[in-house]
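Chains as they are written, first to last, in the numbering used here: chain F, 1 to 347; chain D, 1 to 347; chain W, 1 to 347; chain Z, 1 to 347.
For the record, the hints were derived by calculation from the structure and aren't laboratory data.
A portion of the hints provided could be inaccurate.
Unchecked claim - No farther apart than 25 Å at their CA atoms in a straight line, the calculated lysine-lysine pairs in the PhoX-like style are these: (1) 205/Z with 304/W; (2) 332/D with 304/D; (3) 2/Z with 304/Z; (4) 134/F with 205/F; (5) 205/F with 304/D; (6) 304/F with 205/D; (7) 205/W with 304/Z; (8) 205/W with 111/W; (9) 2/W with 322/W; (10) 304/Z with 205/Z; (11) 111/W with 71/W; (12) 332/Z with 322/Z.
To be verified - Taking beta-carbon pairs under 10 Å as the criterion, some of the chain Z residues facing chain F (in silico): (13) 84; (14) 230; (15) 273; (16) 336.
Backbone N, C-alpha and C fix where the C-beta goes; we use that ideal spot for every residue, glycine too.
Protein chains: 4
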Amino acid sequence: MKALRKARPEQGAQLESIPVPTPGPDEVLVRVRAASICGTDVHIYHWDRWSASRLHPPLTFGHEFCGTIEKVGSNVEGLREGEFVSAEMHVNCGRCLPCRVGQPHVCQFVKVIGIDQDGCFAEFVRIPARNIWKIDPAIPEHYAAIMDPLGNAVHTVLSGEIAGRTVAVTGCGPIGLMSIAVAKSCGCSTLIATEVNPHRRSLAKQMGADLALDPATDDVVGRAHEVTDGAGVDVLLEMSGHPTAIHQGFQMLRAGGRASLLGVSSQPIEFDLVADIIFKGVTVYGVYGRKMFETWHQMTELLKTGRLNLEPLFRERMPLDKFADAFTLLEKGEANKILFYPNGNPK
Amino acid sequence: MKALRKARPEQGAQLESIPVPTPGPDEVLVRVRAASICGTDVHIYHWDRWSASRLHPPLTFGHEFCGTIEKVGSNVEGLREGEFVSAEMHVNCGRCLPCRVGQPHVCQFVKVIGIDQDGCFAEFVRIPARNIWKIDPAIPEHYAAIMDPLGNAVHTVLSGEIAGRTVAVTGCGPIGLMSIAVAKSCGCSTLIATEVNPHRRSLAKQMGADLALDPATDDVVGRAHEVTDGAGVDVLLEMSGHPTAIHQGFQMLRAGGRASLLGVSSQPIEFDLVADIIFKGVTVYGVYGRKMFETWHQMTELLKTGRLNLEPLFRERMPLDKFADAFTLLEKGEANKILFYPNGNPK
Amino acid sequence: MKALRKARPEQGAQLESIPVPTPGPDEVLVRVRAASICGTDVHIYHWDRWSASRLHPPLTFGHEFCGTIEKVGSNVEGLREGEFVSAEMHVNCGRCLPCRVGQPHVCQFVKVIGIDQDGCFAEFVRIPARNIWKIDPAIPEHYAAIMDPLGNAVHTVLSGEIAGRTVAVTGCGPIGLMSIAVAKSCGCSTLIATEVNPHRRSLAKQMGADLALDPATDDVVGRAHEVTDGAGVDVLLEMSGHPTAIHQGFQMLRAGGRASLLGVSSQPIEFDLVADIIFKGVTVYGVYGRKMFETWHQMTELLKTGRLNLEPLFRERMPLDKFADAFTLLEKGEANKILFYPNGNPK
Amino acid sequence: MKALRKARPEQGAQLESIPVPTPGPDEVLVRVRAASICGTDVHIYHWDRWSASRLHPPLTFGHEFCGTIEKVGSNVEGLREGEFVSAEMHVNCGRCLPCRVGQPHVCQFVKVIGIDQDGCFAEFVRIPARNIWKIDPAIPEHYAAIMDPLGNAVHTVLSGEIAGRTVAVTGCGPIGLMSIAVAKSCGCSTLIATEVNPHRRSLAKQMGADLALDPATDDVVGRAHEVTDGAGVDVLLEMSGHPTAIHQGFQMLRAGGRASLLGVSSQPIEFDLVADIIFKGVTVYGVYGRKMFETWHQMTELLKTGRLNLEPLFRERMPLDKFADAFTLLEKGEANKILFYPNGNPK
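Okay, chain F solo, but in the shape it has when bound (with noise of 0.2 Å):
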């Protein structure tokens, strides 16, 4: 089969041909038939120093994706061929503090696919069948494509109360751009987006964003506490990583508020605990991956109600052999979602 690979350690990646894998008897193999490039695997195709400390070539890359189930292992109950399927792709060992405590999008052992084994940017991927996800058919295929991303803005913006909450977004990257339309679905108030880029701007209004504010030149501070008669936002849904929109996100947030933190600085950042957390009582969570199911469960009532519009977000669709021209335009940082399909055009 073809498969996107990283065959050495060095930057870009290899179109090769590799032997369909065989599932193991707890497994299920999946004919991919959409698979969206995350900002992490740009990082892993420019080769960064994350990648390099991370990777272990030969490997294929890919982690967010949809298929139809090819073959079943022999332990599997539950599933059949021909189910349509996403999967979460972190594998959790099942026997850590965090995954015996009912936490197991922090266990301490993960193994991603596509980082850690092969993944989704081939014809075929082999799952374990205990993270395969079957896809409503009230789901369009390209949202099923996007569920891994989409799972880390629905755990993010669920992490706490959102409905009747005033709400700041800081950094609109697809993760961001796309936690807006599902806080706005959930019911939150007045949301204010933050970004420097417009384009990504521009996505975040159409997204719902109530005002999409440039943090470079805006008063983005003032305006949050202006439009809460003062008292700052109920919550910061943190996207960007960036010490600066940080900062701002939580001199946003009012006392007693909630910040939900996903978005990952490159290194520490100097942080003032005591007036942004300490003395205003805040609450912050930290967000890693998605809650093993209930995002999945949460994040496929709401793309059922079909009140979440991602359509802004999709760019080019184009065959596997293209991913030259892929990772170029997402150099571009558009913030839209480009889609390989390795087993044909989509319909």
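Chains D, W and Z: place on chain F using the hints.
Just chains D, W and Z now, kept in the frame of chain F:
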């Protein structure tokens, strides 16, 4: 001023002329713009057993309203004449244990304006300053008049998670209907309403219910499991107080689900704690009044989004002297809200 | 091996010799050190209506135990022969909605070892590897044998806040008694136990109850209000399943309190949802089994502190062939735990 | 009356004679029995940068105390002369958003008695009636004098689950030490305290710490993982405000754990949000003051159980005119509490 009074402990009411009340140092006087009739007011009008045991005529009744501040007591800070307001009509004592530990909505010694002291079916009403809630200019006047029952609905819906959850609403009186609109605006998924009255079922659909079933003829429990792949719904909002509906509601609810109970039964019911709560690991919230004032904040923000369409709920608007017509209309059980305008007609 | 079996659908049990079970690839075989008799086992022994409807003889019963791993299935990781363990005997399906959203303790398709398949009243018992819980060396053997019911108590007590809270425990069977010790070790304040059996009341005091009242003769509701300055207790732990105790328990509970229900009634009861739950804004948790495996973690840590003194609960220790004596003793309702030692006497 | 005053914006304090204050209609006058010195008072005495920016001399300082009600304002209900009381010294505005949504402890416009208006280092102090907390007769006088800082400890410990949880306390000043006793009395499991001062480490052991480590010489992170089978502790209580301790504390904390932060850094610190919060899925609570008045209820009940042994914390008891000695002693950093007796010696 004109006031609709229960003059004597008997059925009916009298429109009387009484002195305008004088606010105490910590109170304000509000000129009533619009007042809405609650089911409780219908009970008071008909002088049922509960009314006879609780009320001490003579009394001006009515406890749902909005208006403008006419006069401000000498100690009051932060309120000014002319401001457009509604009010929490449950006056908590501030000293009992629930009051002191952040649960004033279940104060052991609560006094209700319109039940224990003169209410809002009058040109003016006297309210403790701390019970006043200022109305955001984005909120229409007739919506401001029903924030008391809408707050019941918001309190019920938001007493647990709702986004991405399947829901059953048992009972479609006014608050049940409002809870449908609230749950939908807060991102709930499939919502099944049950109600015997066909007019109310029709309203339930208008408010956003995906299914509006007749519990007398439809297999409501079967349907709830059908649309949830056999699991049952995540959330039960019990708004009827009717034994059959309660029974069905808990059977519709999935293991591990939550039930929020607002509907008031007239007497104890037979209840299977083991099958309905214990073996299913269900969490039950008893809902009374509105959280002071968290519910008011959430409600205000939800109303500001403009996504709560409550128009189907409204029916006649009339002057106070047409009260007999109003109560006659409400006896038909149509679940629509009638508004009084004690100070002149609606704009 | 020797096994205590329900050979036929009738009263009594038989000590039989059956083959040692062979663990499957994902299972382990445990040599039973000590097994404890549950109230459910007494029902099975007497073959009550519930037993007749649920069990399919022949069956080895028993589901509370500890022992050492004798053999490890081929796929099992992280467990070794000779390790001292207990086990969660509720085997969840892993695929239903509750299982997938972090609530496996209310799995829709749970199988219970000792009820639905062969249990631990035998020299050996076969257990899925993921249900095994390793016993910390600080925990005494006889305590390890009762982690199943102790887990019920811990789950009930910790299903809400307990530190600095006043508590009522209605019903002092073994799990009720354990819950007293657990609540006290977790910083609860005044704890009132109610129980008709004087021996059990005496045990309740030994376990740490401040008051042990007889609901047949004492004014338990009055006393609860007396010791809480009229408010009622913060927390109700209902461990009896008895209609009168449930009724009294909710009357002892303060407005805004929480009730955790574990006791199982034999049939539906008359219940005043309005007075007991709705108007008081009470939160009710239905408690079933143990959280998998958060309760086991909490229980292990509590036991390690050494502050849980459960000694008053233990009575006879005996070999498996004295089973008839054991069940006869338990019929007296003394609420003490009897331990079987299928592989030889206790040290 | 005698009062210890900051007469001018400079170091030191003066014992002056000033008129006894007159309580307003909603206030009471309390005759101070015992007053305790807070670290903040030491800062005020030394007139550090924070004091210079916040205080407006002349001012009587002191905000930890107990005493008897001397006079009751005309509007006050539920309080009588002679009652033994303490008080919440944070006076919230009641009108800002946090106040209205049940978070008065983070009022945007809080005034602190003893900082923003005359405090309790005097024979009498004037307090709003709603801030008074009656002392249960079971609580010793000297414990009643330190309910303000004890409330900080209780608020911190109980801002998340504690029973059956492993804990790290970083920093053993008075509140850190109290939090050890509180956590232990609430059923926490292994508790590791870290503190550079050997006297304080010795006190930590007396308060119940299982391990009291020196972060300058011990491998505190290694030890925390050692005693938790490699997972890290469930709960971090950060009581130091010191950058190194904060850093170590988060490294001691397990994935999925909770960190409650009370310690106040003098300036922003370098912090790794990704490693310490986000990738570990940690929940962080900023803790300020005491929940009004849930913390007071919990604290009262914990004290009533008699299981909080705070005796090691107390040192000198002295009349107000020995204030210079008191502040000198406290500079040694021994983490013991000194009590003033403005109205005569302790019994």
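Violating hint indices (sorted, rising): Going through the list in order, the structure violates hints 2, 3, 4, 8, 13, 16 and respects the others.
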